[in-house]
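By full-length UniProt numbering, the letter at position 62 of the sequence shown is numbered 62, and the numbering carries on one by one without gaps.
Hints are computed from structural coordinates only; laboratory data are not their basis.
Keep in mind the model is a prediction, meaning the values are calculated, not measured.
No residue lacks a Cβ here, since even glycine has one placed at the ideal position from N, Cα and C.
There could be a bad hint or two in this list.
As the list claims (entries may be wrong) - Derived pair list, reagent style DMTMM-like, types lysine to aspartate or glutamate, alpha-carbon separation capped at 20 Å:
1. 104 x 166
2. 86 x 145
3. 104 x 132
4. 86 x 146
5. 168 x 132
6. 151 x 201
7. 86 x 125
8. 86 x 123
Said to hold, decoys possible - FRET-style restraints, in silico, Cβ to Cβ:
9. 191 x 136: 45 to 51 Å
10. 88 x 167: 20 to 26 Å
11. 134 x 183: 27 to 33 Å
12. 127 x 212: 39 to 45 Å
13. 134 x 191: 44 to 50 Å
14. 127 x 199: 39 to 45 Å
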Amino acid sequence: MGRKSSNSCSPMFLRDKCDEVLPCAATGRPTLNLERRLDHDGHPLAITTADAVAAAATGVPPWNWRETPGNGGESQSYCGRVISVKWGDYTRRIGIDGTAEAIKEAIKCAFRLRTKRSFWLEDEDQIVRSLDRDMPLGNYMLHLDEGLAIKVCLYDESDHIPVHTEEKIFYTEDDYRSFLSHRGWSCLREFDGYRNIDNMDDLRPGAIYRGMS
């Protein structure tokens with residue numbers, strides 16, 4: 001007849017609902033927990049089964065390094081100095097902790113301004129502010145340079161008779177130089193005068209000019 005092992009104490013062991021095998025106090029042996037094991041990478045931030053069960057019951061994730069407690073999953077805090085800039089129907093929040101050039105580039109990227117046109121920011125008191133990290137925080141309107149619009153009279157090359165006028169808008173001196181070079185002109189001249197215009201700043205808005213070779 002087989003002999004029962006003296007080490008058996010199965011009547012004194014209880015299995016809890018988490019599958020932990022717990023010895024009675026009389027054994028003095030360490031607790032054996034089948035659920036207490038590392039994840040496959042042994043990562044110290046691994047989410048345990050108990051954490052997952054608690055998360056399912058409460059609807060709150062056990063941990064998330066991107067979120068802070070009690071904010072609904074959306075961080076409302078902003079680091080650094082931030083202004084609000086509006087252009088048309090669009091509003092963007094711009095950080096102004098960098099240099100003036102960095103702030104300018106941030107605004108151009110935020111509103112996708114692919115142009116050399118000048119722009120400036122005007123606050124709610126209609127004060128134009130310089131772009132720097134010390135500018136007052138608040139709401140600003142973005143304004144783009146409308147350019148300088150003139151009319152250029154084009155002639156028939158053979159008869160030198162005016163054919164039609166073409167409206168042209170210049171935003172920078174480079175635009176003006178490029179236009180003259182493309183036409184093969186050295187400057188513009190007032191249509192009803194003899195004054196040559198060498199620089200864009202000397203042009204008069206709405207005036208009519210003709211090209212000079």
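>> To test your reading of the hints: which numbers does this structure violate?
In response: As far as the earlier hints go, 1, 5, 11, 14 are violated by this structure, in ascending order.
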